[in-house]
Amino acid sequence: MSAFLDIAIDDKRHGERSVLRALRLGVDQGDIVSLVGASGCGKSTLLSIVAGLDDNYRGALRLDGRALAGPSADVGLVFQAPRLFPWLNVAQNIMFGAAVGQGDPARAAALLEEVGLKGYGAALPKQLSGGQAQRVAIARGLYLEPRVLLLDEPFSAVDAFTRMRLQDLLATVARQRGLSVLLVTHDIDEALYLSDRIVLMDSAPGPVRAEFTVEAPWPRDRARLAASPLKPAILGSLHAAHAF
Amino acid sequence: MERTSLALDVPRHTATVRKRRLPGFPLGLLLPALALLGAELGVRAGLVPANLLPPPSSVFEALSWLFDNGLGTHIGASALRVAAGFAAGALLALALGALVALDRTAARLFDPSFQALRAIPSLAWVPLLLLWFGIDETPKVILIAIGAFFPVYMGVVAGIRGVERSLVEVGLLYRLSPFALARRVLLPAALPSVLTGLRNGLSLAWMFMVAAELIAASRGLGYLLTDGRETGRADIMLAAIVLLALLGKLSDSAMGAVERRRLAWRDSLSESEAR
Chain Z
1 MSAFLDIAID DKRHGERSVL RALRLGVDQG DIVSLVGASG CGKSTLLSIV
51 AGLDDNYRGA LRLDGRALAG PSADVGLVFQ APRLFPWLNV AQNIMFGAAV
101 GQGDPARAAA LLEEVGLKGY GAALPKQLSG GQAQRVAIAR GLYLEPRVLL
151 LDEPFSAVDA FTRMRLQDLL ATVARQRGLS VLLVTHDIDE ALYLSDRIVL
201 MDSAPGPVRA EFTVEAPWPR DRARLAASPL KPAILGSLHA AHAF
Chain V
1 MERTSLALDV PRHTATVRKR RLPGFPLGLL LPALALLGAE LGVRAGLVPA
51 NLLPPPSSVF EALSWLFDNG LGTHIGASAL RVAAGFAAGA LLALALGALV
101 ALDRTAARLF DPSFQALRAI PSLAWVPLLL LWFGIDETPK VILIAIGAFF
151 PVYMGVVAGI RGVERSLVEV GLLYRLSPFA LARRVLLPAA LPSVLTGLRN
201 GLSLAWMFMV AAELIAASRG LGYLLTDGRE TGRADIMLAA IVLLALLGKL
251 SDSAMGAVER RRLAWRDSLS ESEAR
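Chains as they are written, first to last, in this note's numbering: chain Z, 1 to 244; chain V, 1 to 275.
Excised from the complex, chain V in its bound form (with noise of 0.2 Å):
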């Protein structure tokens, strides 16, 4: 007893430890810091020459250029290919990869089809689809839609099978019809591998854009690379990278938010983190 008293006199703040949550170093940031002022150095002190790797300061200047002569045009345009490409490429997915996870038919009928093309390299469909297309925006944009399709499709099929058969059974309890139960328990309980396929998704679409857009284009990102190595001008290249480092990042960022606040329900490591 009196152990138990003694123990209640604590006061109640001394007995906790107190977790308090410091504004975080942004972390992240120390090593492109830390590359961006070796490169600086480096060329100022003459040990990289500067036609090879420009110093930040100069693709800083490159890039406030291209700001005053048309790279809202050049980041729209890619920006818009994603988009495009995405959707067309993620919803295409979408509804192809729950018919073949819901359907043991359609399953049998497509999947083999699918897995088979998703080996195919992506660059080995780019002259197919110039001599189908030629050099306009429909082969581009087809090219991101396929580098899309796979990474959410893979997400909908593993997402769906995947779910729980205990969830199911009360589904089935309370009577609910296939379209029912696909709505309200199959789809819900699958979105956290849909959301990881679509964020995977749209981040190979901007990788497929680049593909495309170095083989035949007139404005976009991709251009600017091509661009900047025709007329020597490493420190374009290098703005065109930066821009696109910083557009993946920021998408990837909008769809990492998305999916946390879709996903709040789940009871991971990672939300409790983010609580």
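Only chain Z is shown next, with the shape it has when bound in the complex (with noise of 0.2 Å):
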């Protein structure tokens, strides 16, 4: 039985460069799955196509058992910087997936409330600090209702402590919501904290490389998932994956 989020890349190409090749990775209904791996072994580019940015590769995606292909309202993208437009307020930002006119103020308002911004919606992004726009960028992830919400190292731009918070935040409204998460990340310790699935991706081009289940409940102790074995045993995987 295939996955609700059915990715299989037979071939994509920089150039003349392969940067994926022969990957098949699912994602279940309500699982937060991390992509680790190495700068450069494609991580971001496998967003991208998932997010229909690039539609210039050889394989298929399948959602829910249905063809993907481009941008859907069913599939969010928060990027590595929050990509606010800065002429527009936190809450036009946040309503801007809607046809111009047709945003949902209350929405947006909820949504700020959500990730705990209660109050911004007049604000300008400029008036922002760098884990305030971040959670804006996830408001705005979250305003069309996604079954899939994408994440490109959100948080590595932000301070350890706000870092932890935006983790937690992303935590709740994924698990409240059942959301599929795909998310890249180069922290372990954060892949461990959120994730169900671990999936390492080789430097070279080609299928996963290793796989590791996180079984932990809810809520989850920093500490112990930091102490576990299974941090040693992702870091050798990495090690071997990237060797040179």
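Where hints are given, some of them may not hold.
[What the hints assert, rightly or not] Computed beta-carbon distance windows for the label pairs: (1) Z:Gly116 - V:Ala83: 40 to 46 Å; (2) V:Ala106 - Z:Asp187: 30 to 36 Å; (3) Z:Asp64 - V:Arg104: 34 to 40 Å; (4) Z:Leu53 - V:Ala106: 44 to 50 Å; (5) Z:Gln29 - V:Ala254: 54 to 60 Å; (6) Z:Leu53 - V:Lys249: 44 to 50 Å; (7) V:Arg104 - Z:Leu144: 29 to 35 Å; (8) Z:Ala99 - V:Phe60: 48 to 54 Å; (9) V:Ala180 - Z:Asp168: 47 to 53 Å; (10) Z:Ala99 - V:Leu99: 21 to 27 Å; (11) Z:Ala99 - V:Leu30: 29 to 35 Å; (12) Z:Asp168 - V:Leu30: 38 to 44 Å; (13) V:Arg104 - Z:Asp168: 32 to 38 Å.
[Unchecked claim] Over 12 Å on every C-beta distance to chain Z, these chain V residues come out as not near it, computed from the model: (14) Ser58; (15) Leu102; (16) Arg118; (17) Glu169; (18) Val170; (19) Leu176; (20) Ala180; (21) Val185; (22) Pro188; (23) Asp267.
None of these hints come from the bench; they were simulated from the model. Cβ coordinates follow ideal geometry from the N, Cα and C atoms, glycine included.
Take the two lone chains, each set in its own frame, and fit them into one complex as the hints suggest.
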């Protein structure tokens, strides 16, 4: 039986260079899957393909049994940088996915409250901190009620304390909504804390190198996860996958 | 712990450096004031002949005389020409600039020709415009429109082409049509460059207006300059120059105000200074 989000990339090239090849990956409904691997191994390219921003590849994507081609309201994407439109206020940024004049300010306000920014709707992006801007980006990613949320190193540019709070926020909204999440991260502790599965990609294009299942109940204990035997196992595989 | 409590005990108002903005001395007026004073004293002392450089008091008298003798008509004629020429040139530049920036075929078709036309000195057009359109209003407005066109065109093209790809990707992610992408992402993102182009275009429009009026006009500030030269009235020429400076500054300030208002979202040094 195929997964809720079923990814099959036969070949993806940047010019002459093959980036992804014979890659099969599934994400079940409500699961959080982290993609880890060295820079340049194709993690972000894979997210661009699933988000529909890159259609120059051979392969097939299926969501809930149906072919997925191009951008879809069912798939939300949160980029590494917040990428807010500086001329729109926070509420307008969140409602950007709606047609002009069709946005629902009450829904934007509810999402803002959910991400801990109640009352910030009229603020401009320049008035926000990095962490606040990324919260707005998450709210924008959730506005169209996607069934899959893709995140490309979303917390890499914020301080450690803000990162932990944003991780908790993501875990909460994903579990409350039953969202399927595909998260690209370089942070093994982040992957361990958030994920149901951790997928390790090889530096050479090819099938997934290794998969690890994180079986820890929620709420999770960061310290226990960081001390679990999974971490050295993942780090060991990572070193082996990217040895040069 | 002790250090922490000590730090917290410090009254807040003494720990923060207060930035109080004093009403600023209009420093920009210092040089003109000194120049006027120097001219007045220099002429009165006989260091400079008054027929070549009339003292500021004479220029003020000339302005006052002109005010009672049809100055409004001259200012109105010049301002109308600038408004008509600027509007025509800027509108055409906005449309063609957007087309060239958004459509590769249009860029290949139009841009090389526009770049070649841009290199032609403005005054080179004058004889041809006089030949084609005579000496009434049409050649003047066209010359001003040519002057305003290129800065606006360059601003629009550079602005749209310089939009960050990361923002365009967000638009594509939300399945915007090409028209919606242009309206909701490209044009707002290009606005700073477009407004700079409009501001430069307006400033050139005033410059080209003088060139047009110097050649053939029976009213306008350029005409006052020619009239002053022909009658040996340096005071009238200087009065016209002062008026040109004032009107140019006034229209530039108005454009600057529009720019600040429309671009209040920018997180730039100038915006933070304005706060």
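These are the hints, each one checked on the structure:
The given range of 40 to 46 Å is broken by Gly116 (chain Z) and Ala83 (chain V), whose C-beta atoms sit roughly 51 Å from each other. Ala106 (chain V) and Asp187 (chain Z) have their C-beta atoms about 46 Å apart, which leaves the hinted 30 to 36 Å range violated. A hinted range of 34 to 40 Å for the beta carbons of Asp64 (chain Z) and Arg104 (chain V) is consistent with their spacing of about 38 Å. The given range of 44 to 50 Å is broken by Leu53 (chain Z) and Ala106 (chain V), whose C-beta atoms sit roughly 26 Å from each other.
Gln29 (chain Z) and Ala254 (chain V) have their C-beta atoms about 59 Å apart, which keeps the hinted 54 to 60 Å range intact. In this structure the supplied range 44 to 50 Å holds for Leu53 (chain Z) paired with Lys249 (chain V), their Cβ-Cβ distance being about 48 Å. Evaluation of the 29 to 35 Å hint for Arg104 (chain V) and Leu144 (chain Z) yields a pass: the beta carbon distance comes to about 31 Å. Between Ala99 (chain Z) and Phe60 (chain V) the beta carbons are some 60 Å apart, a value that contradicts the proposed interval 48 to 54 Å.
For Ala180 (chain V) and Asp168 (chain Z), the hinted distance range of 47 to 53 Å is not satisfied, since their beta carbons lie about 36 Å from each other. For the hinted restraint 21 to 27 Å between Ala99 (chain Z) and Leu99 (chain V), the CB-CB distance of approximately 25 Å keeps it satisfied. Range check, Ala99 (chain Z) to Leu30 (chain V): Cβ separation about 55 Å, and the 29 to 35 Å hint is violated. In this structure the hint that Asp168 (chain Z) and Leu30 (chain V) lie 38 to 44 Å apart at CB is violated, the actual value being about 59 Å.
As the Cβ distance of Arg104 (chain V) to Asp168 (chain Z) is approximately 47 Å, the hint placing it in 32 to 38 Å is violated. The beta carbon of Ser58 (chain V) sits about 51 Å from the closest Cβ of chain Z, which is more than 12 Å, so the claim that it is off the interface holds. Residue placement check: Leu102 (chain V) keeps its beta carbon more than 12 Å from all beta carbons of chain Z (closest about 19 Å). For Arg118 (chain V), the condition that its CB be more than 12 Å from all CB atoms of chain Z holds, with the nearest at approximately 29 Å.
Consistency note on Glu169 (chain V): stated as away from chain Z, yet its beta-carbon is not over 12 Å from all of that chain's, at 6 Å minimum. Listed as outside the interface, Val170 (chain V) is inconsistent with that label: its C-beta sits roughly 5 Å from the nearest C-beta of chain Z, within the 12 Å cut-off. The claim that Leu176 (chain V) is not at the interface with chain Z is violated, since a C-beta of that chain comes within 12 Å of its own (minimum 9 Å). Separation of Ala180 (chain V) from chain Z is inadequate, the least Cβ-Cβ distance of about 8 Å not exceeding the 12 Å criterion.
The non-interface label for Val185 (chain V) is inconsistent with chain Z: the shortest C-beta to C-beta separation is roughly 7 Å, within 12 Å. Non-interface call for Pro188 (chain V) relative to chain Z: violated, since the shortest CB-CB distance, roughly 5 Å, does not exceed 12 Å. Look at Asp267 (chain V): its CB is around 4 Å from the nearest CB on chain Z, not clear of 12 Å, so calling it non-interface is violated.
Of the numbered hints listed earlier, those contradicted by the structure are 1, 2, 4, 8, 9, 11, 12, 13, 17, 18, 19, 20, 21, 22, 23.
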